[in-house]
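Trainee: Keeping their order, the protein sequence lines are chains U and C.
Numbering (this note's numbering) for the first sequence: 1 to 485.
Numbering (this note's numbering) for the second sequence: 1 to 491.
Since the hints were derived computationally from the structure, they do not count as laboratory data.
The reader is advised that the hints may include incorrect statements.
Using C-beta positions, here's what the derived DEER-type ranges look like [to be verified]: (1) Asp293/U / Val393/C: 18 to 28 angstroms; (2) Glu49/C / Asn43/U: 26 to 36 angstroms; (3) Gly97/C / Glu298/U: 52 to 62 angstroms; (4) Leu50/C / Asp261/U: 40 to 50 angstroms; (5) Ala351/C / Thr2/U: 50 to 60 angstroms; (6) Asn263/U / Gly339/C: 25 to 35 angstroms; (7) Val393/C / Asp295/U: 25 to 35 angstroms; (8) Ser394/C / Val291/U: 20 to 30 angstroms; (9) Ser140/U / Ala351/C: 22 to 32 angstroms; (10) Ala351/C / Glu105/U: 32 to 42 angstroms.
All C-beta atoms, glycine included, are put in the ideal place defined by N, C-alpha and C.
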Amino acid sequence: MTFLIKGETETWEVVIGLEVHAQVISNAKLFSGAPTDFGAEPNSQVSFVDAGMPGMLPVINEVAVEQAVRTGLGLKAQINKRSVFARKNYFYADLPQGYQISQFELPIVGEGTIILDMSDGTSREVGIERLHLEQDAGKSIHDLHPSKSFIDLNRSGVTLMEIVSNPDMRSPDEAGAYLRKLRSIVRYLGTCDGNMDEGSMRCDANVSVRPVGSTELRTRCEVKNVNSVRFVMQAIEHEARRHVDIYESGGDIQQETRLYDPNKGETRQMRSKEFAHDYRYFPDPDLLPLVFDDDYVESIKATLPELPDEKKERFMSDYDLTAYDAGVLVVEKETSAYYEDVAKGRDPKAAANWVITNLFGALNKKGISITDSPVSAANLGKLIDLISDDTISGRIAKDVFEVMVEEGEDPEFIVDERGLKQIRDTGSIEAAIEQVMADNSDKVEEYRGGKDKLLGWFVGQVMKQTGGKANPGMLNELLRKKLSP
Amino acid sequence: MTELTQLSLSAARDGLAKGDFSAVELTQAHIGAMDTHRDLNAYITEVPELALERAKEADYNIGQGRAGALEGLPLGIKDLFCTEGILTTAASYILDGFTPPYESTVTANLKAAGAVNLGKTNLDEFAMGSSNESSYYGAALNPWKKTGDNSNLVPGGSSGGSAAAVSARMCLAATGTDTGGSIRQPASFCGIVGMKPTYGRCSRWGIVAFSSSLDQAGPMTRTVRDSAILLSVMSGHDPKDSTSADLPVPDFEASLTGDIKGLRIGIPDEYRLDELDADVKALWEKGITWLKDAGAEIIDIALPHTKYALPTYYIVAPAEASSNLARYDGVRFGLRVEGDSLDDMYVKTRAAGFGEEVKRRIFIGTYALSAGYYDAYYLKAQKVRQLIYQDFVSAFKGVDAILTPTAPKPAFPLGENSDDPVAMYLNDVFTVPASLAGLPGISVPAGLSSGGLPLGLQILTKRWDEETLFRVAGVLEETAGFSGHPFDGEG
Numbered sequence: 001m002t003f004l005i006k007g008e009t010e011t012w013e014v015v016i017g018l019e020v021h022a023q024v025i026s027n028a029k030l031f032s033g034a035p036t037d038f039g040a041e042p043n044s045q046v047s048f049v050d051a052g053m054p055g056m057l058p059v060i061n062e063v064a065v066e067q068a069v070r071t072g073l074g075l076k077a078q079i080n081k082r083s084v085f086a087r088k089n090y091f092y093a094d095l096p097q098g099y100q101i102s103q104f105e106l107p108i109v110g111e112g113t114i115i116l117d118m119s120d121g122t123s124r125e126v127g128i129e130r131l132h133l134e135q136d137a138g139k140s141i142h143d144l145h146p147s148k149s150f151i152d153l154n155r156s157g158v159t160l161m162e163i164v165s166n167p168d169m170r171s172p173d174e175a176g177a178y179l180r181k182l183r184s185i186v187r188y189l190g191t192c193d194g195n196m197d198e199g200s201m202r203c204d205a206n207v208s209v210r211p212v213g214s215t216e217l218r219t220r221c222e223v224k225n226v227n228s229v230r231f232v233m234q235a236i237e238h239e240a241r242r243h244v245d246i247y248e249s250g251g252d253i254q255q256e257t258r259l260y261d262p263n264k265g266e267t268r269q270m271r272s273k274e275f276a277h278d279y280r281y282f283p284d285p286d287l288l289p290l291v292f293d294d295d296y297v298e299s300i301k302a303t304l305p306e307l308p309d310e311k312k313e314r315f316m317s318d319y320d321l322t323a324y325d326a327g328v329l330v331v332e333k334e335t336s337a338y339y340e341d342v343a344k345g346r347d348p349k350a351a352a353n354w355v356i357t358n359l360f361g362a363l364n365k366k367g368i369s370i371t372d373s374p375v376s377a378a379n380l381g382k383l384i385d386l387i388s389d390d391t392i393s394g395r396i397a398k399d400v401f402e403v404m405v406e407e408g409e410d411p412e413f414i415v416d417e418r419g420l421k422q423i424r425d426t427g428s429i430e431a432a433i434e435q436v437m438a439d440n441s442d443k444v445e446e447y448r449g450g451k452d453k454l455l456g457w458f459v460g461q462v463m464k465q466t467g468g469k470a471n472p473g474m475l476n477e478l479l480r481k482k483l484s485p
Numbered sequence: 001m002t003e004l005t006q007l008s009l010s011a012a013r014d015g016l017a018k019g020d021f022s023a024v025e026l027t028q029a030h031i032g033a034m035d036t037h038r039d040l041n042a043y044i045t046e047v048p049e050l051a052l053e054r055a056k057e058a059d060y061n062i063g064q065g066r067a068g069a070l071e072g073l074p075l076g077i078k079d080l081f082c083t084e085g086i087l088t089t090a091a092s093y094i095l096d097g098f099t100p101p102y103e104s105t106v107t108a109n110l111k112a113a114g115a116v117n118l119g120k121t122n123l124d125e126f127a128m129g130s131s132n133e134s135s136y137y138g139a140a141l142n143p144w145k146k147t148g149d150n151s152n153l154v155p156g157g158s159s160g161g162s163a164a165a166v167s168a169r170m171c172l173a174a175t176g177t178d179t180g181g182s183i184r185q186p187a188s189f190c191g192i193v194g195m196k197p198t199y200g201r202c203s204r205w206g207i208v209a210f211s212s213s214l215d216q217a218g219p220m221t222r223t224v225r226d227s228a229i230l231l232s233v234m235s236g237h238d239p240k241d242s243t244s245a246d247l248p249v250p251d252f253e254a255s256l257t258g259d260i261k262g263l264r265i266g267i268p269d270e271y272r273l274d275e276l277d278a279d280v281k282a283l284w285e286k287g288i289t290w291l292k293d294a295g296a297e298i299i300d301i302a303l304p305h306t307k308y309a310l311p312t313y314y315i316v317a318p319a320e321a322s323s324n325l326a327r328y329d330g331v332r333f334g335l336r337v338e339g340d341s342l343d344d345m346y347v348k349t350r351a352a353g354f355g356e357e358v359k360r361r362i363f364i365g366t367y368a369l370s371a372g373y374y375d376a377y378y379l380k381a382q383k384v385r386q387l388i389y390q391d392f393v394s395a396f397k398g399v400d401a402i403l404t405p406t407a408p409k410p411a412f413p414l415g416e417n418s419d420d421p422v423a424m425y426l427n428d429v430f431t432v433p434a435s436l437a438g439l440p441g442i443s444v445p446a447g448l449s450s451g452g453l454p455l456g457l458q459i460l461t462k463r464w465d466e467e468t469l470f471r472v473a474g475v476l477e478e479t480a481g482f483s484g485h486p487f488d489g490e491g
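If we strip away everything but chain U, and leave its shape as in the complex, we get (with noise of 0.2 angstroms):
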């Protein structure tokens, strides 16, 4: 797993730091009560406080407030009971106010973890440095008007979480599992929707390389807002592999901020380090420091759910799934629930194998999520049941799961219409054997000759007469019995 890039004079390790964006599920925006669907007309969510017009003043949502704290618990993290709300000042046509407000010295939250689910069964634990809060800008378009931009602040004021982790990732591979993680912690905890291509769940990463066994951090360059899982790795790569250069041809790296182009599949400067902002970050003003106490913590991590971590150290301890396994079922709130269900009165492991590899599969190529499944979870706990009590093969059973992805109906019924159930009858299935012995006459006398190989030839044979139905188990035993001179 380690991603070491060989350069002509050193080998190098990559150090990545993340800056995650994520919009907070809530009823209406940070500071006003404007509300926040997505996709509305322009400027139609928009109050006088996000218009930033004169003598508006901002007023805390305190579902934001539950949602960070709800967060923070479910990042294992520090809550802090006071926090101050600071203005980040410059000038941006859609920046109404002239500031945002973020919050600077004192964040909601502080210090927590993360553990990434390796895809090699492997876990590792990255730092999250804080969590604040903070409003959204609104958003520019620049390509409806040759000379003019024209400006929507329906996103004006939205909350957001920045989630800093530290600077613990070494691979591409690990920023993707990070962020596949928090998300999948966020969705369980229901504080932001994860959609990345949507905007809902942003991503900033700090990268920069080092020759493997140094400990110093160099120079580090901020690639910004970048908008998929995917392309967060390849920028990484793409940037770690652009420092290297710089370094090898004796040159050095300047701090700046940077730009991700996916089409073209590198990173380009958008703001040198001499055009950096000077933010004059404050304290608020217009709002007194976040206060709480213990007892509204507590009431909230009262009504946190079981989250992936523990929830893929049950799995692994009350149904004996393997590491791997447990970390892909937990992943979506909702694929665990569908897993447990399946599983229930069932063995646990066909469950998995089932959910995992036929389902998934299925679901893969068709391009669903697991809540629009056309095979249920009742049906597929069916379609266990009818394998384990011998209604049906291994075998069968997959065709007839066929039948279920398409046409969404109980296996049963499926097996039913399609007398598909396994023939359990000694009768028919000592015709079936003796109508192949006397077709292969020659074929027996090699087999009492000495020639035992040649049992599987007659089980396919007469599974083959079977249609597939003939109880594999009894086939087995009457077939030697026959077979026997």
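Assemble the complex: chain U is given as a structure, and chain C must be docked to it using the hints.
Mentor: Below, chain C without anything else, positioned relative to chain U:
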């Protein structure tokens, strides 16, 4: 009908209730006075038609026996309060043509109580100034003149238009806002009562922000009773302002008992400045004697950090202002001067839209918040601010109220301090400490200078103790017996 404008707010209220005159007559009288004294430039925008319409409604309401606390009483509104459908300028070109689609909480409270809005009064641009000279709409003038000298004097600032209008009987009373003395100092200069409540008493929602941690609305009236009446309506908790206090509003008028026997009045030694005008000093001494004669106990107190108040204020206020005024960028409302790019548009709009004093404060504030300077200026100022507050907390352990002059000198001629911002800032030396500490303060007209100009004395109490403030102010007003009228000398 001229005499109607001479009434106090409370007398007019009682007259309306008794049916001695109508709200329309009362309003008409004031509209007449606004015409007569238009040379004072006290109003930026006058709305006589709206006022008369409102007055008619008021007469109807009074007739129906459902008069509000201020039913039919014509007021001036400082043009820093956003008023729905009425041009709101903050006396700045940058808000050119801005008509808010909303009403500030304070003016909405006044409206709900039945008050009549006569118009929007002049002020220093964005309330930054102590003379009203920084207004884009030209200086308001003090209705008072020095004996035997016809030169125009400043009304003080920033609520200079309100002070001039109240003093010249162009309204019964007016709203002001006070950030470092912007109600109290012009009240002193114009011979009226100016009251700044405890920070958080009145909602700031809908008031164009200058310095959020200091700005407070307050009443400007001709009597202490009027001040108490007006404040009762203006104040109250507003969920739209996070810094507005969730406290019940006392009946301030009821606190005017006329009795201060046994109250302890503090006299701060640190306010005995060299710059203090001899007349002001003498009046302060008189004030001490009056309160003592009324049965109060006079106690010397120490406010050791007083000398840091002005420098602290001139870091905190501009720092907040530099951020609060960032929204005036030409993008959404007010003035826009087109440019070649977004940045160019910003530069041209803000260069044209803001006056010199506003620009000076934006520069100071931006500098004070800059990386590398923040700790030395802004953070240090916040710490000193805390010490200044602690001074008062300690002092109020031993006294119930503090008596000081309001301003170090009487009203000065136009242009006198124009080239010297620091001399201008010194006007607020006695008012700024209470602003930094969030305390309530009131300026009561208490006498005339040797040149015949009004002088005020300031009373301060601890936070949320406006009742004691009004109680002492009522006694001071009565014993001082100030009956000066700005046009007395005009024959």
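Trainee: State for each hint whether it applies.
Mentor: Hints, one by one, checked against the model:
| no. | hint | result |
| --- | --- | --- |
| 1 | Asp293/U / Val393/C: 18 to 28 angstroms | holds (26 angstroms) |
| 2 | Glu49/C / Asn43/U: 26 to 36 angstroms | holds (33 angstroms) |
| 3 | Gly97/C / Glu298/U: 52 to 62 angstroms | holds (53 angstroms) |
| 4 | Leu50/C / Asp261/U: 40 to 50 angstroms | violated (57 angstroms) |
| 5 | Ala351/C / Thr2/U: 50 to 60 angstroms | holds (57 angstroms) |
| 6 | Asn263/U / Gly339/C: 25 to 35 angstroms | holds (32 angstroms) |
| 7 | Val393/C / Asp295/U: 25 to 35 angstroms | holds (30 angstroms) |
| 8 | Ser394/C / Val291/U: 20 to 30 angstroms | holds (26 angstroms) |
| 9 | Ser140/U / Ala351/C: 22 to 32 angstroms | holds (23 angstroms) |
| 10 | Ala351/C / Glu105/U: 32 to 42 angstroms | holds (34 angstroms) |
Checked against the numbered hints given earlier, the structure breaks only hint 4 and satisfies all the rest.
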